[in-house]
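Chemist: Now for the letters of each chain:
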Amino acid sequence: MSVIATPARQSTGGISARTVNRIVIYGLLALFALFYLMPLFVMLVTSFKTMDEIQNGNMLALPQAPTFEPWLKAWGETCVGLTCAGIKGYFWNSIKMVVPAVLISTLLGALNGYVLTKWRFRGHTLVFGLMLFACFIPFQSVLLPMATILGSLGRFGVTLRNATGFSFGLGNPTVNLVFVHVVYGLGFTTLFFRNYYEAFPTELVKAAQVDGASFFQIFRRIMLPNSMPIFVVTVIYQFTNIWNDFLFASAYAGTGDAMPMTVALNNVVNTSTGVVEYNVNMAAAMIAALPTLLVYVVAGRYFVRGLMAGAVKG
Amino acid sequence: MAFLEIDGLRKQFGSVEILKGIDLDLEKGGFLVLVGPSGCGKSTLLNTIAGLETITEGEIRVDGRTINDLHPSKRDIAMVFQSYALYPNMTVAGNIAFGMEMRGVPAQERQKAIDKVAKVLQIGHLLQRKPSQLSGGQRQRVAMGRALVRDPKLFLFDEPLSNLDAKLRVDMRIEIKRLHATTGTTIVYVTHDQIEAMTLATKIAVMRDGEVQQFGTPAEIYNNPTNLFVADFMGSPAMNLIPATIGGNGNALSVVLQREAREPISLPLADAPTGLSAFHSKPIIFGVRPEALTDPEGAERNASNIATADCHIEVVEPAGSDTYAVTNLGGKAVVARLRADANIQPGTSTPLAFNLTKAVFFDPATENRIL
Chain F
0 MSVIATPARQ STGGISARTV NRIVIYGLLA LFALFYLMPL FVMLVTSFKT MDEIQNGNML
60 ALPQAPTFEP WLKAWGETCV GLTCAGIKGY FWNSIKMVVP AVLISTLLGA LNGYVLTKWR
120 FRGHTLVFGL MLFACFIPFQ SVLLPMATIL GSLGRFGVTL RNATGFSFGL GNPTVNLVFV
180 HVVYGLGFTT LFFRNYYEAF PTELVKAAQV DGASFFQIFR RIMLPNSMPI FVVTVIYQFT
240 NIWNDFLFAS AYAGTGDAMP MTVALNNVVN TSTGVVEYNV NMAAAMIAAL PTLLVYVVAG
300 RYFVRGLMAG AVKG
Chain Z
0 MAFLEIDGLR KQFGSVEILK GIDLDLEKGG FLVLVGPSGC GKSTLLNTIA GLETITEGEI
60 RVDGRTINDL HPSKRDIAMV FQSYALYPNM TVAGNIAFGM EMRGVPAQER QKAIDKVAKV
120 LQIGHLLQRK PSQLSGGQRQ RVAMGRALVR DPKLFLFDEP LSNLDAKLRV DMRIEIKRLH
180 ATTGTTIVYV THDQIEAMTL ATKIAVMRDG EVQQFGTPAE IYNNPTNLFV ADFMGSPAMN
240 LIPATIGGNG NALSVVLQRE AREPISLPLA DAPTGLSAFH SKPIIFGVRP EALTDPEGAE
300 RNASNIATAD CHIEVVEPAG SDTYAVTNLG GKAVVARLRA DANIQPGTST PLAFNLTKAV
360 FFDPATENRI L
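Those protein sequences? They're chains F and Z, same order as listed. At position 60 of the first sequence (counting the first as 1) the number is 59 in numbering that gives the first Met the number 0, and the numbers step up by one without a gap. At position 19 of the second sequence (counting the first as 1) the number is 18 in numbering that gives the first Met the number 0, and the numbers step up by one without a gap.
Do not rely on the hints blindly, as some may be mistaken.
[As the list claims (entries may be wrong)] With a straight-line cut-off of 27 angstroms between C-alpha atoms, the simulated DSS-like cross-links for lysine-lysine are:
| hint | chain 1 | residue 1 | chain 2 | residue 2 |
| --- | --- | --- | --- | --- |
| 1 | Z | Lys27 | Z | Lys118 |
| 2 | Z | Lys152 | Z | Lys73 |
| 3 | Z | Lys118 | F | Lys117 |
| 4 | Z | Lys202 | Z | Lys176 |
| 5 | Z | Lys118 | Z | Lys166 |
| 6 | F | Lys117 | Z | Lys115 |
These are computed hints drawn from the structure, not numbers from a lab.
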């Protein structure tokens with residue numbers, strides 16, 4: 000990042016004007032930061048309060064007797080719809096859906112990027128253009144057609160099970176969600192990797208060819224090990240998107256055992272029996288948000304590096 | 000039968016013809032340098048030999064075997080790239096062994112081969128480092144090691160020295176020459192640097208616009224260029240190419256050079272090429288290398304045809320080992336190469352000796368040599 004250096008003014012009035020400018024700028028920044036962080040703060044403090052304190056106290060006050068009770072309740076006991084076994088099952092549902100979806104879409108994106116830059120074929124720009132187009136499809140428009148397709152796949156799964164005794168996961172809602180997220184994630188992952196590999200020296204691929212490495216050997220031994228920054232960017236991006244997705248999750252796995260975290264959280268908050276347990280709801284929401292936060296904390300320093308890579312040749 | 004033979008090789012990208020019928024051959028243990036300005040097709044030609052580019056027409060044979068359609072790894076070649084193309088994620092040892100690993104050579108043999116190559120190139124202490132921890136010269140060595148370890152029939156070098164600084168480039172050039180002398184391998188080498196071409200090659204192919212302009216030994220290329228392009232491209236400082244006319248009569252032809260504000264110089268030609276008589280009183284291009292145009296004391300003693308003429312010196316450039324003097328003949332700046340201690344002043348007239356045995360003549364219309 001470059002800092003624009005303003006030449007120091009000689010007159011005394013100039014210096015004070017600059018100070019005022021700084022105060023206004025930082026004041027505004029602080030205000031917006033405060034505004035931005037306020038809901039998170041409320042959520043966090045509320046999740047550690049007892050119900051008494053919430054009903055009688057100030058929303059912004061720190062908890063007087065911090066308790067983990069709401070978190071434990073949210074994890075293990077709270078009611079999601081009619082079942083009252085906490086959100087832990089749904090948390091694992093999400094993990095089981097997100098991890099394969101992220102890995103598969105990222106690897107396929109890397110493979111696409113590799114082919115589109117290093118193994119160019121006639122019409123590669125058209126293919127890339129169409130992949131880019133996938134980034135701009137409004138998901139609402141594919142909701143119903145995709146439901147039909149998933150339905151057909153499910154019926155095919157039944158046929159397969161009757162024939163072979165194994166459905167190969169077809170018709171399973173988790174598998175369906177993985178499939179949908181992989182398909183709609185491909186546009187972005189391909190875009191990321193194509194742009195990264197565009198700046199990747201082609202001579203390395205040529206050298207590996209002369210060394211006798213095959214298409215996939217070059218991909219695995221040369222391309223992937225040198226793609227760490229963009230790999231991290233893509234994983235963070237895909238993880239956040241797929242974990243936070245509500246539309247596909249509620250449409251294709253909105254009921255039943257495979258329900259992902261986001262849908263379950265909605266059901267927790269909407270469960271209308273008795274008092275609204277704000278502390279439990281807030282704790283559940285925090286639990287739902289934690290994995291994406293964790294991914295940022297663990298891999299975040301690669302994120303900016305990866306986004307910048309390729310922007311400047313070097 | 001030559002070791003490397005290229006017959007009628009053509010390469011098209013769409014409707015653009017990059018290589019327009021290349022014919023070359025190289026004996027075993029030879030060192031072929033492809034030289035030419037950028038965009039002349041020399042790197043494309045090398046890539047077609049390597050198999051990294053397909054060819055449209057023609058044939059490439061190595062040791063009698065046609066390799067046109069073979070995968071690069073099946074051609075028994077090794078290549079050193081301009082950017083070295085070392086795999087950044089592997090150590091030096093890993094880089095050198097990668098090809099063997101791909102061919103399924105057992106680990107022990109690989110280690111033996113690595114050690115042997117490391118010894119030859121003196122990179123033993125670098126084996127566990129990553130390429131990013133190496134200097135330019137060390138990377139260059141590792142890249143050569145990766146090629147050497149294959150023990151291939153043919154080495155291909157794609158401008159391997161162009162990323163090095165001037166001094167290191169000279170060192171590595173000598174090293175490549177030594178390597179060639181000690182291992183006796185057959186090498187095809189691409190460069191745009193005509194000094195590299197002259198010093199390294201046993202055969203040079205000067206290329207322009209996808210065609211070989213001249214193919215021969217360095218001495219042939221230097222002394223007997225077939226056309227203006229080759230004459231101008233090879234040699235530093237470049238050959239003086241002076242517009243002139245042919246005068247004299249019968250067997251005693253002379254070359255007439257115009258001078259500014261003075262009567263023309265007429266240099267008698269003792270053994271003019273036979274083709275030159277057809278150009279009597281017509282314009283030609285008179286080519287003379289700077290070292291064939293010098294002070295009379297420094298002129299070659301046993302040259303049979305030396306003519307001396309007074310020239311007006313415009314600029315003097317002392318270069319340490321030599322002194323270059325610039326004069327004006329035929330409307331062009333002409334460089335003469337004098338002894339370092341030649342006593343010469345700019346703005347004066349000095350006699351210069353033209354070594355006409357070394358002079359060449361070109362037809363200005365066709366740009367071809369007059370023989």
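Chemist: Confirm or reject each hint.
Modeler: Verification of the supplied hints:
The straight-line distance between the Cα atoms of lysine 27(Z) and lysine 118(Z) is roughly 25 angstroms, inside the 27 angstroms bound, and the hint therefore holds. The straight-line distance between the Cα atoms of lysine 152(Z) and lysine 73(Z) is roughly 11 angstroms, inside the 27 angstroms bound, and the hint therefore holds. Taking the CA atoms of lysine 118(Z) and lysine 117(F), the gap is near 35 angstroms; set against the 27 angstroms cutoff, the hint is violated. Of the supplied pair hints, the one linking lysine 202(Z) and lysine 176(Z) holds, its CA atoms being roughly 14 angstroms apart against a limit of 27 angstroms.
Proposed proximity of lysine 118(Z) and lysine 166(Z) is supported: the alpha carbons are some 23 angstroms apart, at most 27 angstroms. Taking the CA atoms of lysine 117(F) and lysine 115(Z), the gap is near 34 angstroms; set against the 27 angstroms cutoff, the hint is violated.
This entry does not satisfy hints 3 and 6, going by the numbered hints stated previously.
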